[in-house]
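Number of protein chains: 2
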Amino acid sequence: MAIITIVGAGMMGSAMSFPARDNHHEVRLAGTPLDREIIGAASANGGHLTMKRQLPDGVRYYQVEELKSALNGCDLVICGVSSFGVEWFADAVLPLLPPVPVLAVTKGLLNNPDGSLLTYPHYFKSRRPDRSFNAIGGPCTSYELADRHQTMVYFCGENPAELLRIKELLATGYYHITASTDVLGVEGCAAMKNAFAVAVSIAIGLAEKLEGENAYMYNPQAALFGQSLREMSRVVRLLGGDPALAAGIPGAGDLFVTIFGGRTRKLGYLLGKGLRYSEAKEELKGITLESVVIITRVANALRVQARENRADLRDFALLLHLDDVINRDAPVAIPWEELR
Amino acid sequence: MAIITIVGAGMMGSAMSFPARDNHHEVRLAGTPLDREIIGAASANGGHLTMKRQLPDGVRYYQVEELKSALNGCDLVICGVSSFGVEWFADAVLPLLPPVPVLAVTKGLLNNPDGSLLTYPHYFKSRRPDRSFNAIGGPCTSYELADRHQTMVYFCGENPAELLRIKELLATGYYHITASTDVLGVEGCAAMKNAFAVAVSIAIGLAEKLEGENAYMYNPQAALFGQSLREMSRVVRLLGGDPALAAGIPGAGDLFVTIFGGRTRKLGYLLGKGLRYSEAKEELKGITLESVVIITRVANALRVQARENRADLRDFALLLHLDDVINRDAPVAIPWEELR
Numbered sequence: 027m028a029i030i031t032i033v034g035a036g037m038m039g040s041a042m043s044f045p046a047r048d049n050h051h052e053v054r055l056a057g058t059p060l061d062r063e064i065i066g067a068a069s070a071n072g073g074h075l076t077m078k079r080q081l082p083d084g085v086r087y088y089q090v091e092e093l094k095s096a097l098n099g100c101d102l103v104i105c106g107v108s109s110f111g112v113e114w115f116a117d118a119v120l121p122l123l124p125p126v127p128v129l130a131v132t133k134g135l136l137n138n139p140d141g142s143l144l145t146y147p148h149y150f151k152s153r154r155p156d157r158s159f160n161a162i163g164g165p166c167t168s169y170e171l172a173d174r175h176q177t178m179v180y181f182c183g184e185n186p187a188e189l190l191r192i193k194e195l196l197a198t199g200y201y202h203i204t205a206s207t208d209v210l211g212v213e214g215c216a217a218m219k220n221a222f223a224v225a226v227s228i229a230i231g232l233a234e235k236l237e238g239e240n241a242y243m244y245n246p247q248a249a250l251f252g253q254s255l256r257e258m259s260r261v262v263r264l265l266g267g268d269p270a271l272a273a274g275i276p277g278a279g280d281l282f283v284t285i286f287g288g289r290t291r292k293l294g295y296l297l298g299k300g301l302r303y304s305e306a307k308e309e310l311k312g313i314t315l316e317s318v319v320i321i322t323r324v325a326n327a328l329r330v331q332a333r334e335n336r337a338d339l340r341d342f343a344l345l346l347h348l349d350d351v352i353n354r355d356a357p358v359a360i361p362w363e364e365l366r
Numbered sequence: 027m028a029i030i031t032i033v034g035a036g037m038m039g040s041a042m043s044f045p046a047r048d049n050h051h052e053v054r055l056a057g058t059p060l061d062r063e064i065i066g067a068a069s070a071n072g073g074h075l076t077m078k079r080q081l082p083d084g085v086r087y088y089q090v091e092e093l094k095s096a097l098n099g100c101d102l103v104i105c106g107v108s109s110f111g112v113e114w115f116a117d118a119v120l121p122l123l124p125p126v127p128v129l130a131v132t133k134g135l136l137n138n139p140d141g142s143l144l145t146y147p148h149y150f151k152s153r154r155p156d157r158s159f160n161a162i163g164g165p166c167t168s169y170e171l172a173d174r175h176q177t178m179v180y181f182c183g184e185n186p187a188e189l190l191r192i193k194e195l196l197a198t199g200y201y202h203i204t205a206s207t208d209v210l211g212v213e214g215c216a217a218m219k220n221a222f223a224v225a226v227s228i229a230i231g232l233a234e235k236l237e238g239e240n241a242y243m244y245n246p247q248a249a250l251f252g253q254s255l256r257e258m259s260r261v262v263r264l265l266g267g268d269p270a271l272a273a274g275i276p277g278a279g280d281l282f283v284t285i286f287g288g289r290t291r292k293l294g295y296l297l298g299k300g301l302r303y304s305e306a307k308e309e310l311k312g313i314t315l316e317s318v319v320i321i322t323r324v325a326n327a328l329r330v331q332a333r334e335n336r337a338d339l340r341d342f343a344l345l346l347h348l349d350d351v352i353n354r355d356a357p358v359a360i361p362w363e364e365l366r
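Top to bottom, those sequences are chains A and B.
Here my numbering is used: the first residue of the first sequence is 27, the next is one more, and so on.
Here my numbering is used: the first residue of the second sequence is 27, the next is one more, and so on.
Next up, chain A with everything else stripped away, as it sits in the complex (with noise of 0.2 angstroms):
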C-alpha cells in the first residue's frame, strides 16, 4: 500500500482515485483553486460534481489551502490539472513537491521561446530539475475509468525502474498500462489528437450537412482520420520521438476516443456544419479548447521549423488549415487535392 496524492479534482484527475483505491492505495484528492465546490461536495458526500460519478469510499479530500498536509508523506504525486492548469501547479505545487515521482495526466505542448515544442514532463522538470516527471498518454475517458471499462494507456518517463515502480501501483484488471521512455512520442501523440479531433469531427458536421442526420458518410472521415494520423506521427517525428507510435495506442486510439464525445467533438462538428471559428466559439460559451491552443501552438512551431528548413509545410496542409479555420476565422474547405 501507498499514499498517492492527485492534484487537481477536475474528472480526469479525480478518475485517477478509482484504479488508486482498487489498488487498496490511500488515496488524498486536493482540489485547485479552481476546485472548491468539487471538493466540498465530495467531502460531503463522496460524489464528484461534474463527473456525476460517486467517487471510490475512502478518498481523503484537501482543499487548496491543505495542499501541504495532501502532499506530506506521500509516495506518488498525480497531477491532475488540465494544460490551463500548468502555470499553477508550477508555481504553487512543484515547491511543495516531497521528493517522489510525479505522474500528470495533462495533455498539450508548450512553445518554447524559440518556437520549438516543449513537452510539460520536460517544462516541470526545467522548473524543478530534482524531481521526476512521468505522464499518460492513450485513449481514455474519466467517465469511463470511473466506470471501469477496459482501458489500455501508456506511462511515460525517462526513468525505466521507476515507470514500472508507478505502474504497479495503478494497473488494474481494466486499467492497462505500457510503460515508455519515449516521452516526446508519448506526449506528442497526446497533444496531437486534440487537434487533428477537430479535423475528424469537420467531417461529421459536414456530413450532416450535406445529407442529413443519420447520414451515410463516412468515407471523408476515414480520409481526415488516415491524414490526421499521418501529420501527427510528422509531428512526432519532428519533435524527435517515435512516428510509430501515430499508429497504436497513444496516437490512433487516442484520436479515436476523442471523436465520440466532448467538446472537441462539438467544435469540429459546428464548423464543419458551416459556423466560422468565432460563431462556433459562441456557441461553446467563450471557453476555449485545449484543441484550439494545441493547433495555434504547433502551427507556430512548423512555421518557424519550416523557415529554418526543418519541415516541409506541404507536409501538414490539414493541421495548417485549421489553424486558418481558428486564427483567421476562415471557412472549412478541406484542401483535399493539398494532402499528402
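Since the hints were derived computationally from the structure, they do not count as laboratory data.
Treat the numbers as computed from the prediction; the structure is a model and nothing was measured.
Do not take every clue at face value.
A pair holds if it fits inside one copy or across any two, identical chains being indistinguishable in the list.
In silico BS3-like cross-links for lysine-lysine, where the CA-CA straight-line distance does not exceed 30 angstroms [unchecked claim]:
# : residue 1 : residue 2
1 : K235      : K78
2 : K292      : K235
3 : K94       : K193
4 : K311      : K299
5 : K151      : K235
Following the hints, position chain B against chain A.
Same frame as chain A, now just chain B:
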C-alpha cells in the same frame, strides 16, 4: 477519353464507373457468372440491384459471355471481383487480357504453399507475367463512391509512370488518389483492415452486452483500434511493406471506415454480444466473410514464420485471439494483459 472495362459488377466494381464516367471515359461493365441479374437489370434501367443506386448514364453492360468484346480495345481493365472471385478472374479473364494495365479493387492475401503471404497483384502476375497489375487500397465504400463523397485512396503498383497514367484516368474532385509503389504495404493494410475490423467491432458488441444500447463505452474500442494498428503495422513489416502506412489512409483510414457498417462489423458485434463464431455464422446465413478468411490465412502464416524465428507470436496476441474465436470456436475473451 479512354476505354475502361470493369470486370465484376458487384458493388465496388460497379462504383468505379462513377469516377470513370465523370471523367468522360467510355465505361464497359462486364459481369461475372454471378452477376447475371445485376447486368440484366442495369442494362434495362441503369439501376444496380444490390447497391441500390442508379449507375451513371452511358455505361455499357456486358454479360459474362460478352467478356471478349468488353475487353476488346480497352485502355484499362479494372478487376472488380472480391477475393472470392480471384480464381475465376485468373482462369477466365487473365487469358483474354489485352496488353493494358489492370487495376484491382480486390482486397486480401493468399497463402503461398510454404505458408508465406502473397498479394493479389503478385498472384495475378504469377499467372500472367506479361501484364501489369495494380491495386487500390484505402477507405472507400461503394455506396459513398457512388454518392461522390470526398474519398482518399491509394493506387499501388510497381511502375510509377503507369500508376500516374491510371491515376489521371480516374482522379476527380471527390476521388483523391495517392500513387504508391509500395504494393506490399498498401495491400497488406487493405487486407488486414478486414481482420482487425472484427476486433474493434467486438468491442462495440461487448459494450452493448455490458451496458445496453447507446452505452458510452469507447475506451475498449479505442484500445483495440490502437492495438489493431500496432499488429497491422507488424504484419506489413513482415510482408516487406512500409509499416508507416498503418498510420495513414490505407491502414487507419480503411479500418475506420470498415467498422461503421457491413457484415464484418456485424460479425464482430455478434461475437462481442457473446455468440460463438458457429452461432454468429448462422445469423449471417452461413456466408463466409473476407475477414474470416484473412484472419485464418495470416494466423497460419504467422505460425509458420514463428517456427522459423521470423515472427514473435506475442506481437500478434489480438489477431491470434481472433483466430481462436473463428477457427476453434473459442469464446471472446480479449487477452488485455497480453496485448503489447
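Practice prompt. Evaluate K292 and K235 at a C-alpha cut-off of 30 angstroms and name the case that applies: within, between, both or neither.
Written response: Both: 14 angstroms inside a chain and 28 angstroms across chains, each within 30 angstroms.
Practice prompt. Go through the copies and call it for K94 and K193: within, between, both or neither, with a Cα cutoff of 30 angstroms.
Written response: Close inside one copy (25 angstroms), not across copies (65 angstroms); limit 30 angstroms.
Worksheet item: How do K311 and K299 come out at 30 angstroms by Cα distance, when the copy is not named: within, between, both, or neither?
Response: For K311 and K299, the Cα distance is within 30 angstroms only inside one copy (18 angstroms; across copies 40 angstroms).
Worksheet item: Using 30 angstroms as the alpha-carbon threshold, which applies to K151 and K235: within, between, both, or neither?
Response: Neither. Shortest intra-copy (46 angstroms) and inter-copy (45 angstroms) distances fail the 30 angstroms Cα cut-off.
Item to complete: Up to 30 angstroms between alpha-carbons, please classify K235 paired with K78: within, between, both or neither.
Response: Between copies only: 23 angstroms across chains, 32 angstroms inside a chain, cut-off 30 angstroms.
The earlier numbered hint that this structure contradicts is number 5, and it is the only one.
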